[in-house]
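A.B. asks: The listed protein sequences correspond, in order, to chains A and B. Heads up, the first sequence is in my numbering, so the first residue is -19 and it goes up one at a time. Heads up, the second sequence is in my numbering, so the first residue is 67 and it goes up one at a time.
Derived from the structure by calculation, the hints contain no laboratory data. Small disclaimer: the values here were computed from a predicted structure and weren't measured. Incorrect hints may appear among the rest.
Stated by the list, open to error - One side of the interface only, derived from the structure: several residues of chain A facing chain B at Cβ under 8 Å: (1) R(-1); (2) R0; (3) G2; (4) T52; (5) D73; (6) F77.
Claimed, not checked - Just a few of them, taken from the derived set where beta-carbon distance is under 10 Å, the chain A residues facing chain B: (7) L(-9); (8) Q(-5); (9) W30; (10) I43; (11) F49; (12) F95; (13) N96; (14) K116; (15) A119; (16) H126; (17) R128; (18) Y129.
Heads up, the beta-carbon is just placed ideally off N, CA and C, and yes, glycines get one too.
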Amino acid sequence: MIGNDLVDLDLAKMQSNWRRKGYLDKIFTPAEQELINTSNGADETVWILWSMKEAVYKIHNRITGVRNFAPTSLACCLTQSNDKITGLVCIGDQIYFTETTTSASYVHTIAAPLFNQLSNIVIEIYAEPNHPIDYKSLAPGCVSHHGRYLALVYG
Amino acid sequence: MSNEEIINKLKPIITTYAPVSDALDNLNEESDFIKDLNINSANLVDIILDVEEEFGITIDNTSMEKMLTVSASIEVIKEKLSEK
């Protein structure tokens, strides 16, 4: 089982004011807030961590059948190398692995329960107006749609 | 506060973050913020912060977990109001 989440940064800027009082406390653990506050690009770090949580939630929710809104229960660690942002997300006694790519206009994370699965995931990102008409027929492993972008992953 | 009074206070908050839709026009206790109202999950936090301000309550993370529907939100709001 695989997960993915894309954040359209232009839309996120319009939709969400994460600097609002109390906002970070409801989503991020103290350790994650420390990462955000000490980061050179706080905006990007917020959406990297958010997309990690969302991508993992999409797997965890399907495995457990539990639907809830508990972003602080998904605890992210980043292990950044040169060109890839890899990470771990822990929820309860489960660990998931993530890999995030960023561009000037979006942040995209893929997630899997096993580290080795990440390298087998095929990613297709479509920008409007080039979305496939009937993407469900492509039977992606996970779908993420935000703003101008549609991200399909196969694993 | 009755469920109806709570919904009347919730409606303008929800309308701020939900795209225009029939589901929003027909907002009721069964409405699901994400599945029915198409609210972006990052904006659920804004709804919760707005609810805290509007009702003068504090919503802990355990209560927030449940707040995916209007009815679950009403329950949390009533519980927190009764603790005031």
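A.B. asks: Does each hint hold? Answer for all of them.
C.D. replies: Tested hints:
1. The closest approach between the C-beta of R(-1)/A and any C-beta of chain B is roughly 12 Å, which is over the 8 Å cut-off, so the hint fails.
2. At its closest, the beta carbon of R0/A sits 7 Å from a beta carbon of chain B; the interface hint therefore holds under the 8 Å criterion.
3. A least Cβ separation of about 5 Å between G2/A and chain B falls short of the 8 Å threshold, and the interface hint therefore holds.
4. Checking T52/A against chain B by beta carbon gives a least distance of about 6 Å; that is within 8 Å, so the hint holds.
5. Because the closest C-beta pair between D73/A and chain B is about 18 Å apart, greater than 8 Å, the hint is violated.
6. Interface hint status for F77/A: violated, as the beta-carbon distance to the closest one in chain B is roughly 21 Å, over 8 Å.
7. This hint holds: L(-9)/A has a C-beta 9 Å from the nearest C-beta of chain B, less than the 10 Å allowed.
8. Because the beta carbon of Q(-5)/A sits about 6 Å from the nearest beta carbon in chain B, less than 10 Å, this interface hint is met.
9. With a cut of 10 Å, the hint placing W30/A at the interface with chain B holds, because the nearest CB-to-CB distance is about 6 Å.
10. For the restraint placing I43/A at the interface with chain B, the shortest Cβ-Cβ distance is roughly 17 Å, beyond the 10 Å limit, so the hint is violated.
11. For the restraint placing F49/A at the interface with chain B, the shortest Cβ-Cβ distance is roughly 6 Å, inside the 10 Å limit, so the hint holds.
12. Taking 10 Å as the C-beta contact cut-off toward chain B, the hint placing F95/A at the interface is violated, the least distance being around 26 Å.
13. At its closest, the beta carbon of N96/A sits 29 Å from a beta carbon of chain B; the interface hint therefore is violated under the 10 Å criterion.
14. For K116/A, the shortest C-beta to C-beta distance to chain B is roughly 17 Å, which exceeds 10 Å, and the interface hint is violated.
15. At its closest, the beta carbon of A119/A sits 22 Å from a beta carbon of chain B; the interface hint therefore is violated under the 10 Å criterion.
16. Given hint, H126/A at the interface with chain B, holds; its Cβ is 8 Å from that chain's nearest Cβ, closer than 10 Å.
17. Restraint check, R128/A versus chain B: the minimum CB separation of about 14 Å is more than 10 Å; hint violated.
18. Interface restraint check: Y129/A against chain B, minimum CB-CB distance 13 Å, threshold 10 Å, status violated.
Of the numbered hints listed earlier, those contradicted by the structure are 1, 5, 6, 10, 12, 13, 14, 15, 17, 18.
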